[in-house]
Each structure stands twice: as structure tokens, then as C-alpha cells.
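A.B. asks: Sequence:
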Amino acid sequence: VSSSSSPSPNILQQVNRWFREHSKAYEIFHNGLVGLKRSHNQQTAESQTQQDKKNLENELFRRELYDLGEAITYAMHKESSAHGATFVLVTQIEELHEACRKEGILSVNVSAPLSNSKFSLPHNLEHINESGNAVLAWEVAQFLQTNQLVPAEHVNSKNP
Numbered sequence: 038v039s040s041s042s043s044p045s046p047n048i049l050q051q052v053n054r055w056f057r058e059h060s061k062a063y064e065i066f067h068n069g070l071v072g073l074k075r076s077h078n079q080q081t082a083e084s085q086t087q088q089d090k091k092n093l094e095n096e097l098f099r100r101e102l103y104d105l106g107e108a109i110t111y112a113m114h115k116e117s118s119a120h121g122a123t124f125v126l127v128t129q130i131e132e133l134h135e136a137c138r139k140e141g142i143l144s145v146n147v148s149a150p151l152s153n154s155k156f157s158l159p160h161n162l163e164h165i166n167e168s169g170n171a172v173l174a175w176e177v178a179q180f181l182q183t184n185q186l187v188p189a190e191h192v193n194s195k196n197p
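So the mapping is simple: the working numbering equals the position in the sequence shown, first residue as 1, plus 37.
Hints should not be assumed to be uniformly reliable.
[Unchecked claim] Under the rule of at most 20 angstroms between Cα atoms (straight-line distance), these lysine to any residue pairs were calculated in the SDA-like manner:
#1 139 / 111
#2 90 / 129
#3 139 / 180
#4 155 / 174
To be clear, the hints were calculated from the coordinates, so they are not data collected in a lab.
Using the sequences and the accompanying hints, generate a full structural model.
C.D. replies: So, in C-alpha cells, the structure goes:
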């Protein structure tokens, strides 16, 4: 079947809307399917979170994950350099920070500045809040200025 014979998503949305507006049975059926899909997605996300925690307990998995992160970082550095850009890794992973420094890749470890528990969002969202983002921005700006990666005309001389 060629892709040109498949209806476009827009047409499918229009048909779906028409049936929902003109058929109560279809509307109920549709809403039930959407509800099942949402429930399944929520269950899938919860089971994925549990699987992620289990995976992180596995040393081999963590090693492969780290190796992949290192390979991606090195590739990003190489690609940046090929285009005349300076790559800077911002990380909380000490081992990756040190590996990059050994390879001559600029890296800033923000673990210490972000270790304040008040920077975390609630409900185990595992992300920093507005205050944490401010600290992160400050640390990155200081690193860029210290390493003379910000052109002089962009540096505010009033606030060294």
C-alpha cells in the first residue's frame, strides 16, 4: 500500500470529530478507548520507572549507560570543534567530568552547587526548580567568563 493511499491525520481527525458529534455510541466508544489508552500509558510510565530503578542497580547496565554518555559527549565535542565552536559539558557525573578533563574537553561539574535539597521540584520529579536553575545559570556563566568564552563586549563590566 502506498503512503499516498493512506488518509492524512487531518482527514482522520475530521472524521473522528464528525462521528463524535453525530453518534453518541461512537462518542462513548471513543472516550472509552482514550481512557483505556491514558490508563495504559500511566501504568506503562509507572512500570518503566520501576524498571529504571531496577536497571540502575545493575552494575553492567550502569557501565553501558556511562559508556554511551561518554561516547555521545566525545561525539558532540568533535562535531562542535569541526564547526569552530567550543563545547562545554555541564554535568553532575564526577566520573564523566574527570574523563572529559583528561581528554582536554572543557567541563564544569555542578554537583556541589546543586546539592541543596531546596532546589528539587516536589513529587520526585527529579528536576531542579527555579532557584536551582538560577544557581545553574550562575555557575555556567562564571565558568564561561573564567575560561574567557564570553566575548568582552558581552560581559557587563559593572558586575564582574
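A.B. asks: Next step is simple, just say for each hint if it's right about the structure.
C.D. replies: Hint check:
For the hint linking residue 139 to residue 111, the alpha-carbon distance of about 12 angstroms falls within 20 angstroms, and the restraint holds. Distance restraint check for residue 90 and residue 129: the Cα-Cα separation of roughly 18 angstroms lies within the 20 angstroms cut-off, and the hinted pair is therefore satisfied. Under the criterion of a C-alpha separation no larger than 20 angstroms, the hint pairing residue 139 with residue 180 is consistent with the structure, at around 18 angstroms. In summary, the hint linking residue 155 to residue 174 is supported, as the alpha carbons are separated by about 16 angstroms, within the 20 angstroms threshold.
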